[in-house]
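Enquirer: Sequence lines, in order, name chains A and B.
One point on numbering: in the working numbering, the residue at position 404 of the first sequence is 512, and numbering is uninterrupted.
One point on numbering: in the working numbering, the residue at position 9 of the second sequence is 1208, and numbering is uninterrupted.
Misleading hints may appear alongside valid ones.
As the list claims (entries may be wrong) - For lysine-lysine, the following DSSO-like pairs were computed, each having C-alpha atoms within a straight-line distance of at most 30 Å:
id	chain 1	residue 1	chain 2	residue 2
1	A	Lys740	A	Lys723
2	B	Lys1221	A	Lys168
3	A	Lys168	B	Lys1205
4	B	Lys1358	A	Lys117
5	A	Lys672	B	Lys1358
6	A	Lys370	B	Lys1205
What the hints assert, rightly or not - Far from chain B, some chain A residues (derived; all Cβ distances over 10 Å):
id	residue
7	Lys127
8	Ile161
9	Val277
10	Ile404
11	Gly432
12	Glu683
Hints are computed from structural coordinates only; laboratory data are not their basis.
Yeah, the Cβ is synthetic: ideal placement off N, Cα and C, and Gly gets one too.
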Amino acid sequence: MADYRVVGKGIPRKDSIEKITGQAKYTFDIVLPEMLHAKILRSLHAHAKIVNIDTSEAEKLPGVKAVITGKDTWGMRFGFVDTPRYPCEQPVIAEDKVRFIGESVAAVAAVDENTANEALDLIEIEYEPIPAVFDPEEAMKEGAPQIHGEQIPAPGRKCAWQDWGVARVARSYNPVNNIGATVNLSYGDSEKGFAEAEYIREDTWVVPRTSHAAMEPHGAVASYNPLTGYLDVWLSHMGYELKRYWISKTLGIPISKIRVHKTFIGGAFGGKAQVFDHEIIASFLSRKTGKPVKLILTRDEVFTSTNNSIALKINVKKGVKKDGTIVGQHVKLISDMGAYRGSVPVCLFLCHSMRDAIYNIPNLTHEGVGAYTNKSTTMAKRGHGSQQMTTAIESQMDWIAEDLGLDPVEFRLKNLRQKGDVLPNRDTLNSYGLPDCIKKIVEASNWKEKRGKLGPGRGIGLAVSAMFNGSGYWPFTAGSIVRMNHDGTVTLYMGQAEFGQGPTTTTCQLVAEELGLNVEDVNLVDGDSELCPLDYSNFLSGGMFVSCKAGLVAAQDLRQQILKVAAEMLEEDVEDLETMNRRVYIKTDPEEGVAFDEILRYSIQKHAGDLLMGKGFCKPVPEIEFYPSLSKGSGRWTDAYSFTASIAEVSVDAETGRTKVDHIWIGDDCGREINTAICEGQLQSQAVMGMGDALFEEVMFSEGRTINANFVDYEIPRAFDIPEITTIDASDPDPNGPFGAKEIGECARAAVIGSIVNAVYDATKVKITSLPLHPEKIFRGLEEKAKS
Amino acid sequence: MELAKKLIKVAVNGESRELWIKQNITLLDLLRDYLGLTGAKLACISNSCGACTVIVDDMAVKSCSVLAMQVDGKEVFTVEGLAKDNKLHPLQQAFIEHVAFQCGFCTPGKLMSAKALLDENPNPTEEELRRDMEGNLCRCTGYKKYIEAIMDVAQHPEKYSAKEG
């Protein structure tokens, strides 16, 4: 392995001091002069017509500066998906009807929060309740309440994908029987595969909604200057381009007059990617009042009104030869979308594509449908489809292995794809560390001595997962600038959103490595849409592979500029020079050289003021122009895959059905660990989050009302719950990754969940087919098993 | 209804203050809105996440669930008071070195909980520490590096105090 100075080291984070002293300013901490405070009135009905809204009493309350309703934002639509096929359909504030409990129906800006809350109480709304539907299968039946009429874009309205250069016109969409999204793709012939099969197994899994539960609640501060027409916003986000695009599109403020300022962001996990009603409302209220407006959601609102992860019912039919060769697979998905599409159309596709790099299945059919229900919307959460499918597929893999008398590890290894394989959609596996991930954790966990041999109530299980590395999403590029400073240090400008996952620190490492600098010699400007280059986002797991790489490319560009000037100064060839410690030296005579600061001065003096500034950019999947068709699943969509194998060891208490995770081993292929400490942190994070998913996390509803919208009733793992965690690097460097690196932040969660599910089965032999593995389900399963 | 304001005396990070406050505000409001100390965060307002943890008279409390009137005559200590004379507290040093935090939103609360624990019990077992930190939720890190960092301070104080000088 190549020897690097900075890359591959577990150095402290660049944002350390701000974060351990309380100096880090999150959106909630922003205070502006004359700032107003806004609150949103939310629907208490799951499905109702709005007959009348009377805001007159609220407007009279002293201290109230503005009250708005759907009449003010009439016709404005937003959504994560806004394609020619699926026009976005979510109103900023409900107009003639409400579609879920928690939907915004009015908003108030006032001098303080208490006054705003008081004003909400004074708004009179007359509703006419209409029958609601909460179950996706009920929603798709003839005669079910129809949640949407035909979705007709306003005359002349372009969909986002048209704005972004997709030369197709927006169409209307008529959701018959509440069907709001479909996907249907296949390759080979699954029926032929089943005919060849010597064993067929079919299972149906149910994966519920969970909360992203980022510690920082969503919020926005917006400040519109009526004299200049500029809007300044501070948001809790995962990429500023998409947010300001939507604020611009809904409010008609030119995108170049919207500036998303740098704030610290308190976790995201997919749940802050899309634009939200409250962000548009805060901006609207600021423009209306001419004053800055702060709008921070409560935890209850985060649960009930932003979005949950995507709920899926997953039916998998698999055909296998007796020797364990998989010959056919047919997947049918049903998603409980909620009142608006959220990211479900994307997820239905990702459920296939996140798994397609793992096993070689010659005959495959993948169908999915998303149904509108009277609940809040659902959205990508750390893995976006991978964890739901991994749970279903990987548990079935174990049950097939058991039925055929195969070793679960050998069964998986037999069906893996191989490095260099070209997938049916033409993506190529230029790196494929999965076999190594499996082998390394099988050895580390002592799997062979434990599987089936741990004794009553104890079990061990394995699962594997894959993750993409960025995909084509607007603005289809990530850019970076590295400029030389007076003293020979550099400043990096990067547009990625840092919400804890560490791209700012790791990109500084890439830049430092390339230029022969220390990380301390790299200043950082990030997260500000006006100061930093375009960056397509941080919600497609392309942070390292695409956006961080743009930083490296900028450093490479600067390095060439530096060497060219140095070569002139030293009267040497560029090839004979090297950079280290803020100077360029001659490889054969390291004493001879010039310092970076001298090079900068020389360049300015002799080269018409050339101030040495490197530019870098990177496009996800450079070969394709736009995103592939999601509904047909054809076409390339990512340039590399990351892989994880996880093994979990558990103890299950037969008296209570309660599971304790004792140890999790994660083998991960992230190409190369740029910062070992950050990478370890990402894997530990996913081990613990995945444990919560597997064992206890579920957003629960009763007649459309979330009944556990707080951290007492909705538990997330606590410090005392955490198991032993062993993380093992099994990276296969990718030729297109920066120093070979790929993503590490999302892949492992799915494998962890699957491995816990399989370990619980190993311990109990009870087949549970819904998450989470509540003690009650296990207890009842054990009870039934004892009876039979 | 507007309540009459009351005068309280409170020492915040060692500095005595007299403040006229509304009687219905929380300690968290007092710190954030009156004193501009925004290190303590609001993340749940139900006393269940620990992001707002500060120390009142040597005890870690969740400031979203304490009325400001209750700290009249007491000493309040926040994350902003941890570093002294431009020197980081050992826990802060350890958090940096162990790369214990990610998004950092819950970090001030964790630091204050850990400080209160170590002040009372300088040599906790890992089990005691995990129990004690149970009230401080974190979604990013999986807790492991926090626990390691705090244990390192407890077991090897010389590593960190040496750097303070």
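Enquirer: For each hint, tell me whether it holds in the structure or not.
Expert: Each hint, compared with the structure:
Note on A:Lys740 and A:Lys723: the hinted pairing is violated, with a Cα-Cα distance of about 37 Å set against a maximum of 30 Å. Annotation: proposed proximity of B:Lys1221 to A:Lys168 holds, straight-line Cα distance about 24 Å (limit 30 Å). Of the supplied pair hints, the one linking A:Lys168 and B:Lys1205 holds, its CA atoms being roughly 29 Å apart against a limit of 30 Å. Among the hinted pairs, B:Lys1358 with A:Lys117 is consistent with the structure: their alpha-carbon atoms are about 20 Å apart, no more than 30 Å.
This hinted pair does not check out: A:Lys672 and B:Lys1358 have alpha carbons roughly 45 Å apart, beyond 30 Å. Using a Cα cut-off of 30 Å, the hinted pair A:Lys370 and B:Lys1205 is violated, with the two alpha carbons roughly 38 Å apart. Not every C-beta of chain B lies more than 10 Å from that of A:Lys127, the closest at about 3 Å, which undercuts listing it as non-interface. Its beta-carbon lying about 27 Å from the closest one in chain B, A:Ile161 satisfies the requirement of being farther than 10 Å from that chain.
Taking the minimum C-beta to C-beta distance to chain B, about 41 Å, the non-interface status of A:Val277 holds against the 10 Å cut. With a closest Cβ-Cβ approach of about 8 Å to chain B, A:Ile404 is found to fall inside the 10 Å limit, against its non-interface label. Here A:Gly432 stays apart from chain B, with its beta-carbon at least about 34 Å from theirs, past the 10 Å limit. Under the 10 Å C-beta cut-off, the non-interface status given to A:Glu683 relative to chain B holds; the minimum distance is some 38 Å.
Consistency note: the structure conflicts with the earlier hints numbered 1, 5, 6, 7, 10.
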